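Novice: Kindly generate the complete structure, drawing on both the sequences and the hints.
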Amino acid sequence: MNTPGSLHTPAFAHYSVKWSPFHTGRLALASSANYGLVGNGRLHLVSLVPPTLQLDKAYDTQDGLYDLAWSEIHENQLVTASGDGSIKLWDIMLNDLPIRAWHEHSREVFSVDWSNLDKEFFISSSWDGTAKLWTPHRPHSVQTLQAHSACVYQALFSPHHPSTIATCSSDGTMRIFDLRAPSFPAAPVPGGAPGPAQPPAQAALTVPASTTEILTLDWNKYRPYNIVTAGVDKTIKVWDCRMVKLGGTPEVGGICEKEFRGHEYAVRKIQWCPHRPDLIASASYDMTCRVWSTTSNPPAPSLVHIHGAHTEFVIGCAWSLFDEGLLASCSWDCKVNVYRVPINPLL
Amino acid sequence: MALRALINDAECGPVNPLQSLSKQFDKDRGIQQDHFWPGPAGSSREVFRTQPSAHSPLVQEAAQFFSGQSGVSEFSPLHASSFNLSSLRDTLPQSSKQYVSVTTHPSSWAADFLNHDVVSPGLHSQTEEISGSFGSSDSHAVQSRQQYLPHMNRGFASGGFRPPMPVAPFHTPLSPELTQPRSEYVILEEHFPHEEHASPQEQTQPCAGAIDADELSRTAGLLVDTVKEETNPKFKNSAFLGLMRQLRDREMVVEGTTMVTADGTTGRAQDFFSSRDVKGKGKAKGENGWADAFQEANGTPVTTSWVPHQLTYDQDQLLDANKGLPYRKTVHFGQPVVSEITTSDEIKASEETESLEDRYWRQENEDYKAYWNNIPERQTRRSDPEWDTLQQDWDHFEATATGITPVSFYQFQARNPYLTGASSTRVHSLHSDGWHSNENILEMEAAVQQEMRNPTLWYQLGVKQQENERELHAIQALQRAVELDPSYLEAWLALAISYTNEGDRNGAYKAIEHWVRSNTRYESRMPMMDQGIQAADSEKREALVRCLMGLARVAPNGEVDADIQTALGVLLNTDEDYQKAQDCFRAALSVRPDDWLLYNRVGATLANSGRAMDAVWYYHQALVLNPSYIRARFNLGISCINMKQYDEAAQHILDALVLQEHDASDSGDTRGITSSALWDCLRTTSMHLQRPELAALCETHDLEGFRKAFSSE
Chain S
1 MNTPGSLHTP
11 AFAHYSVKWS
21 PFHTGRLALA
31 SSANYGLVGN
41 GRLHLVSLVP
51 PTLQLDKAYD
61 TQDGLYDLAW
71 SEIHENQLVT
81 ASGDGSIKLW
91 DIMLNDLPIR
101 AWHEHSREVF
111 SVDWSNLDKE
121 FFISSSWDGT
131 AKLWTPHRPH
141 SVQTLQAHSA
151 CVYQALFSPH
161 HPSTIATCSS
171 DGTMRIFDLR
181 APSFPAAPVP
191 GGAPGPAQPP
201 AQAALTVPAS
211 TTEILTLDWN
221 KYRPYNIVTA
231 GVDKTIKVWD
241 CRMVKLGGTP
251 EVGGICEKEF
261 RGHEYAVRKI
271 QWCPHRPDLI
281 ASASYDMTCR
291 VWSTTSNPPA
301 PSLVHIHGAH
311 TEFVIGCAWS
321 LFDEGLLASC
331 SWDCKVNVYR
341 VPINPLL
Chain V
348 MALRALINDA
358 ECGPVNPLQS
368 LSKQFDKDRG
378 IQQDHFWPGP
388 AGSSREVFRT
398 QPSAHSPLVQ
408 EAAQFFSGQS
418 GVSEFSPLHA
428 SSFNLSSLRD
438 TLPQSSKQYV
448 SVTTHPSSWA
458 ADFLNHDVVS
468 PGLHSQTEEI
478 SGSFGSSDSH
488 AVQSRQQYLP
498 HMNRGFASGG
508 FRPPMPVAPF
518 HTPLSPELTQ
528 PRSEYVILEE
538 HFPHEEHASP
548 QEQTQPCAGA
558 IDADELSRTA
568 GLLVDTVKEE
578 TNPKFKNSAF
588 LGLMRQLRDR
598 EMVVEGTTMV
608 TADGTTGRAQ
618 DFFSSRDVKG
628 KGKAKGENGW
638 ADAFQEANGT
648 PVTTSWVPHQ
658 LTYDQDQLLD
668 ANKGLPYRKT
678 VHFGQPVVSE
688 ITTSDEIKAS
698 EETESLEDRY
708 WRQENEDYKA
718 YWNNIPERQT
728 RRSDPEWDTL
738 QQDWDHFEAT
748 ATGITPVSFY
758 QFQARNPYLT
768 GASSTRVHSL
778 HSDGWHSNEN
788 ILEMEAAVQQ
798 EMRNPTLWYQ
808 LGVKQQENER
818 ELHAIQALQR
828 AVELDPSYLE
838 AWLALAISYT
848 NEGDRNGAYK
858 AIEHWVRSNT
868 RYESRMPMMD
878 QGIQAADSEK
888 REALVRCLMG
898 LARVAPNGEV
908 DADIQTALGV
918 LLNTDEDYQK
928 AQDCFRAALS
938 VRPDDWLLYN
948 RVGATLANSG
958 RAMDAVWYYH
968 QALVLNPSYI
978 RARFNLGISC
988 INMKQYDEAA
998 QHILDALVLQ
1008 EHDASDSGDT
1018 RGITSSALWD
1028 CLRTTSMHLQ
1038 RPELAALCET
1048 HDLEGFRKAF
1058 SSE
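Residue numbers (the numbering used here), protein chains in the order written: chain S, 1 to 347; chain V, 348 to 1060.
Bear in mind the hints are in silico, worked out from the structure with no lab data behind them. In this text the structure is predicted, and so the values were computed from the model without any measurement. Careful, some of the hints might be misleading.
[Claimed, not checked] Looking from chain S toward chain V, a few residues come up when the C-beta cut is under 10 Å (computed): (1) Ala13; (2) Gly39; (3) Gly262; (4) Ser302; (5) Gly325.
[Unchecked claim] Here are a few chain S residues that face chain V, going by a calculated C-beta distance under 8 Å: (6) Val142; (7) Tyr222; (8) Met287; (9) Thr295; (10) Trp332.
Even for Gly, the Cβ is constructed at its ideal location relative to N, Cα and C.
Specialist: So this is what it looks like as structure tokens:
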């Protein structure tokens, strides 16, 4: 299966692709018309019937969709993040409309992530500088975290510690928060304007990871202390956050273990392989999706694979949770490609 | 927490920024010329750097300052750390940007006091509250500023600027003086955008619609500009960038939630999606159009959501544009923040409120600037050659965890038995027809060590290392060979192949270029070659291919020159044109039917193009000719994996590992000698075989254990 399975969804530029944690070949795609500039969004449900991808269903939304997350507790549910600040919960057995919608963020919601450990909860992050904790059963957010003073591009639960999240922001920092820490300001009244002078919440660790915007991060699935970040500086950086003391005094630091250069433009999405502790997939504005290995020592080749089939910015990528080495990437060329990362024979 | 237990683990180690510079893919290696510029400096792909703000006088000044100083003593600890200051280039414009972004946020403390006299009445009424909260939330304020300060402290303190003052004045009433603990530059940068935007903001609010069209087209224009030097055809053909061009030229405008051509009649937006779907476009369910959304909270335009992040530092402009319309102006057009704005009226206003101390420091900074503006010219002129030499010397070293070690010097194995008096056993058939393959690495290393300046020996060692699946050793040996004899054709070609395998395209191009240049056989065709070789980096590949094709055509009597075909094959392979590459290797094979390397190359290109089945035959041929050809064996294993013949794959990879192990001297450490690529592959195969216990053995590179476990069945 070296030839990629590919699916074209005309007129909707993709922003995010995620594999279902329950069904082997099921994918969901968040997309926006007009590249998310103006107009509608559409949620696509896709299944992989090797060697092809087929479109099962689509839901239209009023504003562009930037991200989605499958529920970890209900096989047919997922949440989407919208450009208008709203978050919607969908049941894919139903048609047309979401089963629940929340609207608390004052600006674009840029990421959603469902907790792997506390499966009741998911978290969203927004350009309004906050990350919000939600549970599907409540009409309002459970907790609001003034994570940064600038856009929060991604917030992710640690796969190892419940209540621990990492965020990254246009302020160039990556932060780790313990949601149980007491020092958070009270959540603003739902629907109301955010408080004028809400100071950022206290992070357990702040990593000044870049001098420019950090667009994406991911936790290593095997090493609880490893996080990878990437962004406008085109560099992928692997961080060792072992100095973090949860619940202690705030710390600034983090040791950059590895750096990978090669992308010619900003890196938009990054993900560790769920099957191996040393493989990273990255999607970039240079129109490629690449796979890197962290085990090779410099100057050995760390670049494992380049997928160059996309013809516009590659915005999202996701490793299959069931099939090792199977990667999906989605792009503004309105195509999602699924392919196996090959081991290249040498000359 | 468990995390805490992991402190002091051995894996914590400093990462030297220099090391990471080395892995540039498809990029000009010229970058490493200047350690003080953290990013690639000269690459033609670095289009963003041509934008004005990267050249802000402040940045240049600082860089000149540091480079001037560090040229003197490179290796002192002080300057080891000054390498880290390379981030200065980023942090300077950056930190100001961060501040601006802080201030734009309604809930940030900085915004509150900086804006308090100009922002909307709503905020005004809260001033009291804010000032109250200032007393209590001091710690927050301090804390948040500290996130930004470290960069600057580093930069300014070591650059002779005033170290930051304690953060005392926070209890004083809200006034610009609050910013004084920061360095003068920051004050200026931060101030003026605000002072400046104050009135535009009020004015623009009512006519936001008009402005937004302007801004949209301008932003689109900026975006298009940033990629205008991009040579990648994908960027030229990009529908999104096409749309940006049209937005810039006002051929396309945003109306409600759709895009229409400027005359407003046809909804041509769908052209960008190749008119495949009309549904997607018109299905606006709500009436909250773009313009409405634009006027939402903080005057945030919806445009922000599409502004891609691909741009480097200069995109600050765009990014700040995201934060709110008024800032776009100030940040865009006030590029030389320090120098030009000083002439404006605002500075007078601020000077009046400036304390004596501030004035002193400002003066000091200006003097300082003036001083350095004059100095560097003298100094750089004088020290350039000097610096270049230092630079070259430096390039031969790399900093590792254990200190500074020479780069690319071949690491011979310790305790080589062939060196301990047994050297006479070596068969000296090297200069007869074709050296044989049965020699092992240790033997060859011993030969090299006895004749360190013999390029032929180095070359043979390099090729052997290639065959034995140790690319890095191969590169080092081959580099040594061409250093000793720059006209060594075979070595250049072998080096090109190694670079290709490492994914270093530029290295491969350069090696092939050298090969062409030194090839005396086609000297008469030199003009043609030169034409190709003088091409810019971006066109180098094409030029080389053209040149080699030309050479292949003029070969006397229509005979096939296997070397030219091989070189062409390598070039085409780097470009993933496997079909053509394979043709080239086959052509080479037709005149050298006994070359096992060529069999493997044909096999590898076949496998690369997804034809694992066909590749197997070629690998087998290679192995028939040379049973100890480890690379072919490994490649055979990979093909077996691709065909899901995991059992067989494991056998081949295991064989390859065993062969590799034979290369080890008796120094006892066999772990370094087997390559981790093979182990990784074997591990994956074991997983596929549902044998996790075998996979675990792979983790520890336990060949003996694996052999026992695997062959005991």
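Novice: Classify the hint on S/Thr295 as holds or violated, based on whether any CB of chain V lies nearer than 8 Å to its CB.
Specialist: 6 Å, holds
Novice: Hint S/Trp332 vs chain V: min CB-CB distance below 8 Å?
Specialist: With a minimum Cβ separation of about 6 Å from chain V (threshold 8 Å), the hint on S/Trp332 holds.
Novice: Hold the hint about S/Ser302 up to the distance rule: shortest CB distance to chain V must be less than 10 Å.
Specialist: S/Ser302 check passes; min Cβ-Cβ to chain V is 6 Å, inside 10 Å.
Novice: Would the stated hint for S/Ala13 survive a check requiring a Cβ distance to chain V of less than 10 Å?
Specialist: 8 Å, holds
Novice: Quick check on S/Gly325 please, does its C-beta sit within 10 Å of some C-beta on chain V?
Specialist: At 8 Å from the nearest chain V Cβ, S/Gly325 passes the 10 Å test, so the hint holds.
Novice: How about S/Val142: closest beta carbon in chain V under 8 Å, or not?
Specialist: 20 Å, violated
Novice: Are S/Tyr222 and chain V close enough, Cβ to Cβ, to be under 8 Å, as the hint says?
Specialist: 12 Å, violated
Novice: Given S/Gly39 was flagged as interface, is its beta-carbon under 10 Å from a beta-carbon of chain V?
Specialist: 4 Å, holds
Novice: Quick check on the hint: S/Met287 CB to chain V CB, less than 8 Å?
Specialist: 5 Å, holds
Novice: Regarding the hint that S/Gly262 lies at the interface with chain V, is the smallest CB-CB distance below 10 Å?
Specialist: Cβ of S/Gly262 sits 4 Å from chain V, so the hint holds.
Checked against the numbered hints listed earlier, the structure breaks hints 6, 7; every other hint is satisfied.
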